[in-house]
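Novice: Take the sequences, apply the hints, and build the full model.
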Amino acid sequence: MSCALLLLLTSLALAMGTGAAVEIQRPRGVPQSKRQFYEENKPFTCLDGSSTIPFDRVNDDYCDCRDGSDEPGTAACPNGSFHCSNAGFRPAFIPSSRINDGICDCCDTTDEYNSGATCQNTCREMGRKERESLQIMAEITKEGFLLKQQLIHEAKRGQEDKQVKQKELIRMEKDKTRMAEAFLELDDDSDGYVSVAELQSHLELDPDSDGSLTETETQGLLGGEGKVDTSTFETVWSIIKDQYLSEVSTYVMKTYTPQEEQSRDFVSDHDSDHYPEDYAGEEEDVEDDEEDDHEEEEEKVVGNPHIGGEGPELGYRSLIYGPECIWVCRNLEKEIGFDFGPSAEFAYLYSQCYELSTSEYIYRLCPFNRVSQKPKFGGSETNLGLWGQWAGPEDNLYSMMKYDHGQGCWQGPNRSTTVKLTCGKETVVTSTSEPSRCEYLMEFTTPAVCQEPASLDEVLHGHTEL
Amino acid sequence: MAAFIVRMGPLLVLWLAVFLSGTWAVDRGNFKTCDQSAFCKRQRALKPGQSPYRALLETLELTNTKLTLQLINDNNKVRLLLELYRLQGNMTRVKINELKPLKPRFEVPDVLINDPPTEPLSLLSQDENGVVLSLGADSQWLIVSAKPFRLDIMEGREVLLSLNSRGLLAFEHLRIRKDTISYKIKNKVYSAWENIKWVFSSQVDPEGAEKKEETDAANEPAEGETAKEDGMWEETFKSHTDNKPNGPSSISLDFSLPGVEHVYGIPEHADSLKLKTTDGGDPYRLFNLDVFQYELFNPMALYGAIPVMLSHSAQRTMGIFWLNAAETWVDISSNTAGKVRHTHTHTHLVNMEGYNYVQGSSETPQTDVRWISESGIIDVFIMLGPTPTDVFSQYASLTGTQAFPPLSALAYHQCRWNYNDQEDVAAVDQGFDEHDIPYDFIWLDIEHTDGKRYFTWDPHKFPQPKDMLQGLMDKRRKMVTIVDPHIKVDSSYKIHNEIRSKGFYVKNKDGGDYEGWCWPGNSGYPDFTNPEMRAWWASMFAYDQYAGSMENMYTWNDMNEPSVFNGPEVTMHKDALHGNWENRDLHNLYGLYVQMATAEGLIERSGGVERPFVLTRAFFAGSQRYGAVWTGDNTAEWEHLKISIPMCLSLGLVGVSFCGADVGGFFKSPSTELLVRWYQTGAYQPFFRAHAHLDTPRREPWLFGPENTALIREAVRQRYALLPYWYQLFYHAHHSGQPVMRPLWVEYPQDTATFSMDDQFLLGRDLLVHPVTEEGGRGVTAYLPGKGEVWFDVHTFQKHNGAQNLYIPVTISSIPVFQRGGSIIPRKARVRRSSSCMEHDPYTLFVALSPKRFAQGELYIDDGHTFNFDKQKQFIHRRLSFANKALSSRNLAPGSQFITPSWIEKIVILGASKPSKATLKTPDGKENLLEFEFDASMSVLTLRKPGVNAGVDWTVVLQ
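Protein sequence lines, in the order shown, are assigned to chains A and B. FYI, this note's numbering numbers position 416 of the first sequence as 416, with every residue one higher than the one before it. FYI, this note's numbering numbers position 288 of the second sequence as 288, with every residue one higher than the one before it.
The reader is advised that the hints may include incorrect statements.
As the list claims (entries may be wrong) - Listed next, the stretches of chain B that the computed footprint assigns to chain A, with coverage defined by at least 3 CB atoms under 8 Å from CB atoms of chain A:
{"#": "1", "stretch": "48 to 55"}
{"#": "2", "stretch": "823 to 831"}
To be verified - Facing chain B, according to a computed beta carbon distance under 10 Å, are these residues of chain A, among others:
{"#": "3", "residue": "Asp56"}
{"#": "4", "residue": "Tyr62"}
{"#": "5", "residue": "Cys77"}
{"#": "6", "residue": "Ala92"}
{"#": "7", "residue": "Ser96"}
{"#": "8", "residue": "Arg98"}
{"#": "9", "residue": "Gly102"}
{"#": "10", "residue": "Arg124"}
{"#": "11", "residue": "Glu125"}
{"#": "12", "residue": "Pro413"}
{"#": "13", "residue": "Thr430"}
{"#": "14", "residue": "Glu434"}
Since the hints were derived computationally from the structure, they do not count as laboratory data. For clarity, every value in this text was computed on a predicted model and none was experimentally measured. Just so it is clear, CB atoms sit at the ideal spot from N, CA and C, and this is done for glycine as well.
Specialist: If you want it as structure tokens, here you go:
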């Protein structure tokens, strides 16, 4: 019979070991919070109320209660749990099945009292290590959180800038559209020039408002030329646009309107899902598509952000190239509508790329865009996934990113990557692995996920029972 | 392990291009049909008829141990030597070889555990028609008919079995190749059919027209060009040419089984338990092959081959063991399957002085079987039963019993191709603890090695294997690493250099080391048929040889058919040489030898103390002695889950009890439901291992949400609770050769309703399992056998009557399992994180009473991992019986001794009535009243805490 006397008083053991026992007597394996239910020499009622048994059947190595509450200190109940105080460290519950199984689970060794296992009390050591690492973490969190505030601030400013820029772009685009319309309207003989004669009918442009637009006046409007081509017309347009009245609406108008509407859709659409799909579509064609260059141009390795650069200038380089603005505008619109976290703290990652070099590969994470892998010693790059969505658990959505629809695997899924974000002072990829074939895991630190630090005292003592 | 992988680099590109047709099914074109296997085609073209063989009775010699007799082929005058043995235990051995072969023909070594002991045969009568011999006490006779030659085994007036009754005995005698002009000219006028007849030199031509001409051609068969077409001296399949310096050498013999409609066995095939007739299709093929993505329900060969067939009828169970390791095909026909049958050859009347045997009418069902092998001799063991148990004992007496595995090997195994590195192993190990799911073994597939060099570790991924193994040992868990028999040809690889320098590699036909492609690229194949090679191989498992190994590390032999990616049918060339023998002669033995040598290595490294555990994919008769087998690279599909039952049942019938299928399915990714159902099924099959292909998503049990984690946890916990019973069943399998996992007919041999059942099975005699293997299954119909018997649902304790089809509604958590009324099953209710952790835990006894209030069971306990149970009789084996309202434990093995701290925690009596008191009596004369609970609604009596040690005598009396 191995059912020894199990109503051992933990205080006794502790008192002998440390001489500093303040503990109250309680049956083995019972946490302080439940001590009241185990009153010596009084019948014990199972915590689920299912039955009442004599107290000597508590911890007698036979399971009487359906909920396992009569055997907190033995392995008799399949669903029981054992409480270790772990003085010096953190208390814990372990499944009853780990009591006396020959494996030291509790750092205070209390789970192995009858198995012959020789366990060392490691609680103090573990507590010390834990405090150390918590301290380090707390410092990181603190600094990280400050950085995060900066990021939020910058993001806010960036967002405002972008909105201004966007308005400006839209204005310029509209203006350019009008200019093009006007040019086509004016160029009656469609020879690619607007001549004095063609402009003269627009009396609203009369500089002296005398009711007649003379040839000289007209020529003056055309900068002294008899006729102007599209590029020169830009200067002319800047002078006349405020007065210019369109003739009737033309087909040109119709061509442009839908695109404007489309653009507006983007502005109002704050669901970022729109973006990756579009993006993915372009990405897939990339191999033989010149748009690729466009992207490459955009991805600049850390420290050279594209946003706020000269991009918008591209838009009205030429009248007929007006639609090029669409690209920039759309990008900007997407960016503005993007989910960069509750306070846009992740916005700074946009258009950046971060690399990690392993023995075989260089991994590259371009947040909100794609993840890729390139062999160090030659070979082509493999797409490990395109931006999918935030993929953290409900209560912490922004702790994980999912990139999917990467290059297909042989008889397997398309490659995909999960990026785990942890708080850090620096923004850096710390590790990559492939836990399952073609499913990659990347660890990434950024201040953007740093939470407001609890006070260090709270961290260190908050969970300690004693 | 898969048949292959794309990431092998350019070496395999060509090969892959051929093999990867991009479909999810076996590429049948890679494997031969009978028509594409020259000897099978030649033999199968020979139709039943009168045999050209005649027994030369004047040559008969009878000694104490055997009868010998010469046979002559009247067409070519080639003589054969027949040897007949009466073996102890109701078996007859029939051996036929050429009387004077040009050179010796291969006889399979190392499969029989000894020279089977004989019993004297006595001659009852003899005349010019034949002889009658007595086969011992059971009024059994063996009749040798002279012209045409045939053998009949009779009991009383019934024919049990006849040999050559359809005249299909055929022996391609060894010959010298002749390519003379005259033969060529002569043979050109012959049709292919004529040639076939020439090959066997037999007279089976229904018209008999050319008979004269053929006999004029003397004894020599046709050779030359047409012979070449028949593949006698050379044969080409796809791009592979098989040189046959020994020429044609195949053999064939037919067996008729009157009264038999059900035959089983001859694994490995992905087919139903009851073998099908092969008329109109290919025969069942026995040829160890690495078949990529095998298909179900066809007779194609798979990884292993056990040439043993069982026949069963309500009257008798018998077995035929065809001891031949060459490529073999088995044809089965039946007069009750399909159309009306041709004339019954077995109704032929044997009429001799004093004996007038009236034989069965043509109304009798009959199964006819024909065995065809490419080379070797005919060496057949006829196991006459008469019960299934007898046949198992008979076969065990020939080839040995199931190795008794370490207890932990019966627990749960977690495998995947591949666990990536030490961190991954630690994380998975931790995952099991976090989710409170027990497991005992974690497995490492080929990627753990340094460039597929077995016995090594990848220095980056597994830099500190001993730390890893120690970490597992600290949790009382274990590991298996893979060691395949193909050796990377690499002069910086020690294993390769030693094998090469010792001349231990298989040789090609020209005498150089045979090389083929496998995982490491170009590889050599050690000649495991060489005992010196095996001894050397075994020595490589010593702790100081296999760097990084520890005592909690065991071995997995994969690819040991052997798999040769660029070989014919993905295996070794048949003309490769193992010493003097061609691979052709012993192909199916290779895998057995690999496992044998590996198991020997594991035994030796512990100084002969510890039991080994080795898993093999390829196997042969006798492989049961060396460890476990699994059904190879299956697929994550419902049909594959279902087929795991007949595949393991078939193996169990022919000695291999330790069988399992990859839980979850190897190829493809299972749906969550399929995975859960597979765990539930696997938990009740002998070898319980989850495994997955490299290219599938991870599927550790906790990756599918808490509900599914809980379902899988519960299935695994049921397995662990039942480990005492599993262990006891394996002890019996080891002791007496009885299968662990049994078809119902084994225990209910007269119940014809059970004969074709393979969606449910028995574990031992006492547990009936009908797992849910249907997608979206809402209920199963289980057949509970046994008129007048009762069965108890092990989960609800509800009682059901036997001899009925019981519909059981199921949910996703259901695993329908029933305990037979009349049995006692020990369990350990305290499931811990590994079986080792449960070693000293107490037992709960589940006593299921029969309608007559009787029950019997056993309890077997030993140290769980050494040979001390055998060498020093250190074990406890007790008889538990309930009769006359008393449950008692008595010693079954008085000569044994073992001390266990385990005790009896609880006794649950199903089908009980309420006693007024329960008294425990122990040998010291003490009597203690036991407290009990009685559940009247289910008639369940639970005795609280008897507390008595599991190893002593005790009795509980109910009053």
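Novice: Now look at each hint and say whether the structure bears it out.
Specialist: Evaluated hints:
1. Figure legend: the stretch 48 to 55 of chain B, annotated as covered by chain A; annotation inconsistent (0 residues with Cβ-Cβ distances under 8 Å, at least 3 required).
2. Counting residues of the stretch 823 to 831 of chain B whose CB falls under 8 Å from any CB of chain A gives 3; the rule of at least 3 is met.
3. A cut of 10 Å between beta carbons decides the hint on Asp56 (chain A): the least distance to chain B is about 12 Å, and the hint is violated.
4. Interface hint status for Tyr62 (chain A): upheld, as the beta-carbon distance to the closest one in chain B is roughly 5 Å, under 10 Å.
5. Taken as an interface hint, Cys77 (chain A) checks out: its beta carbon lies about 9 Å from the nearest beta carbon of chain B, inside 10 Å.
6. Annotation: interface hint on Ala92 (chain A) violated; nearest CB of chain B at approximately 13 Å, more than 10 Å.
7. Hint status for Ser96 (chain A): holds, given a least beta-carbon distance of 8 Å to chain B, under 10 Å.
8. About 7 Å separates the beta-carbon of Arg98 (chain A) from the nearest beta-carbon of chain B, less than 10 Å, and the hint is met.
9. The beta carbon of Gly102 (chain A) comes within 6 Å of a beta carbon in chain B, closer than 10 Å, and the hint placing it at the interface holds.
10. Because the smallest distance between the Cβ of Arg124 (chain A) and any Cβ of chain B comes to about 21 Å, over 10 Å, the interface hint for this residue is violated.
11. Annotation: interface hint on Glu125 (chain A) violated; nearest CB of chain B at approximately 17 Å, more than 10 Å.
12. The interface hint given for Pro413 (chain A) is met, as the beta carbon of that residue sits about 7 Å from the closest beta carbon of chain B, less than 10 Å.
13. Because the smallest distance between the Cβ of Thr430 (chain A) and any Cβ of chain B comes to about 14 Å, over 10 Å, the interface hint for this residue is violated.
14. For Glu434 (chain A), the interface hint holds, the least distance from its beta-carbon to any beta-carbon of chain B being 7 Å, beneath 10 Å.
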